[in-house]
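> In the order they appear, the protein sequences are chains P and Z.
Each residue of the first sequence is one higher than the one before, counting from 725 in the numbering used here.
Each residue of the second sequence is one higher than the one before, counting from 85 in the numbering used here.
Misleading hints may appear alongside valid ones.
Listed below are the simulated BS3-like cross-link pairs for lysine-lysine, each with C-alpha atoms no more than 30 Å apart in a straight line [claimed, not checked]:
| no. | chain 1 | residue 1 | chain 2 | residue 2 |
| --- | --- | --- | --- | --- |
| 1 | P | 906 | Z | 165 |
| 2 | P | 934 | Z | 165 |
| 3 | P | 943 | P | 906 |
Worth flagging that the hints you see were computed from the coordinates, not collected in a lab.
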Amino acid sequence: MDHIILITIISLSLLALVSAVILYFIAQRFKVYEDPRIDEVQAVLPAANCGGCGYAGCRSLAEALVNAETFDGLYCPVGGAEVMAGAAKILGKEAPVVDPQVAVLLCNGTPENRPRTSNYTGASDCRISNSLYIGESDCSYGCLGFGDCVKACTFGAMTIDPLTGLPVIIDDNCVACGACVKACPRNIIELRKKAKKERKIYVACSNCDKGGPARRACKVACIACSKCVKVCEFGAITIENNLAYIDAKKCTFCRKCVTECPTNSIIELNFAPRKPKVEVQTETVN
Amino acid sequence: MLKTFPIGGIHPPEHKLTANQPISYLPVPASVTIPVSQHLGAPATVIVAKGDYVRTGQVIATSKGFVSANIHSSVSGKVSKIDTIIDSSGYKQTAVYIDVEGDEWIESINKSSEILTEIKLSPEEITKRCLETGIVGLGGATFPTYIKLTIPAGKKCNLLIINGVECEPYLTSDHRLMLEKGEEILIGVSILMKALKVERAMIGIEENKPDAIDHLTKLASSFKGITVHALKVKYPQGAEKQLIKALINREVPSGHLPLDVGAVVQNVGTAFAVYEAVQKNKPLFERVVTITGNGLAKPGNFVVRIGTPVSDLIEAAGGMPGDTGKIISGGPMMGKALRNADVPVVKGMSGLVVMPLEESERLEVQPCIRCAKCCTVCPLNLEPYLLMKLAEKGLFEKAEEERITDCMECGSCSYCCPSDRPLLDYIRLGKSTVIKMARERNTK
């Protein structure tokens, strides 16, 4: 009886020893060297794996950061300056200063502003609706409202407002990863520079048609009248393809264009209510 | 045993309400809107200006590039404006608006009803005439006919197939045309045979049109090389590749054209248009349109000028029923719902189906139960449930490997799905994305 147990122990131990030796040499032969800093950098990154940086996931970005000479073009929008400074500290490089951004929807085509002229009953998917025809309204540029952007957002920063049928961006949750920008088949979501107190001024329209057709399709369409361009003292507004665009870097939030716009297509958000003008009051009294 | 294609296919209810309604002429409308892109390929270039007086049959837009077609005025009158329009495709495009004054045709058109049997033109002249008169495939795909008649060097065509299948439910325009203009169609077929330099032509007709089969068989006995073949009723037999398989048992390989198996397929409507173009010098400015639907008072088959508003046609058929849910351009299987009734009739519009709301509504989408019905009915042996999933998830490379571009969008899968899943919707999305991807790859 005893010798059977003994033989078993010895033979298995020998087998284990031989296997261990083989495994050791194989491990040495096929060893892949990985920079230990990749793991360190990855630990700093937010592990959201959203792809907002342009890489497949956080590890890919960590690899890119370790291998890159400088941090030019490499930026984690989710982590922002803090995370980038952390990564820079590990790698002994300098982190770039990038303005934080937030997504905005360049369309204000609510059912009141933009009447629906047809009824789409196909698959509830913006890409399909966009590939079939110009959409439920007469505007071939505006929001389709089936929420491809909401489905793409992994941070819970977007919802569809049931009243307007348009997506709403929750600024606190938005990390400007750009997933919604890529998901939108009509390219009407823009990442804009974040301002103090979440203030925003932008042209909420993407219609590149001439004034007449644009206005007929939607009450708040930009008709490219160029009034805003003239009133802007800072040269922040340009008109291209029958559409005004406000450069967030040049805009000083003076709000002159907002009052000037005849179709109310320029939107101001998160400002304190305007003080009633004194002249206007005197006029009404007289 | 009648011939048919072996793989897949379905039998939707036929609803051929207008099969016994003779073709009548719709009066010339008060104004027409003629889009410049009524064919596959590049839009034509407008050559008239606002205020110009045009006559019926006059060229108003010339073809641009190889795949394109001329557009002719379908009425006489003044060009009121050149503007954009949302046409039956659902997209914006340029269109010529003409206010009708009288009906003055250009002199070169032979307006007599006499049947001219003698083919005087040479093959090259026939092809040139098809280009000049703006003839496109009238089955619905609107591929310019002259390109099909130009055989590229190194390829050989030995058979002309004429498509008289009309497998779509409701539509009867080809059926009526075969009954009423049989002789003209056969002369048209002879013209096409001459242009293609082939000795043989086969006309395929489904057995649900016995009168048309009898009529054409009788007439064809006096034409050399033309035979008429009855086919079993099965959708989508009117698709080129399925028709070739059914008639001559040759399979067009994936990604190839019928010409690669030595055949050219033309629709009977196209054959008739070719007859009128070659023998009567008449450009393609009117076509037979079936206007049908269970709710219509007077459904029928009409010869309609291109550019006539769809609402005029519906008026002629007894007015728009109150419970209309959709107006479909083409058949209910492959057709496309119109945005409104103001869109103009175009060259590719073989029929209009006015659907009541109840019939046209989509049912709620249920989860896939893996019954594989879609795989059974797919005439191209694809796996629609898989293609839909891949397109939905954006896995377009994988969809390309699964041959999504082979899909001809017949809609058999969506039709038979017990869970009412939008299979074709997603496959179409995947297909267009894959085609775009392939084009970008090729241009790199």
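> Now look at each hint and say whether the structure bears it out.
Cross-check of the supplied hints:
1. 906(P) <-> 165(Z): Not satisfied, since the Cα-Cα distance of roughly 39 Å exceeds 30 Å.
2. 934(P) <-> 165(Z): 16 Å, holds
3. 943(P) <-> 906(P): 27 Å, holds
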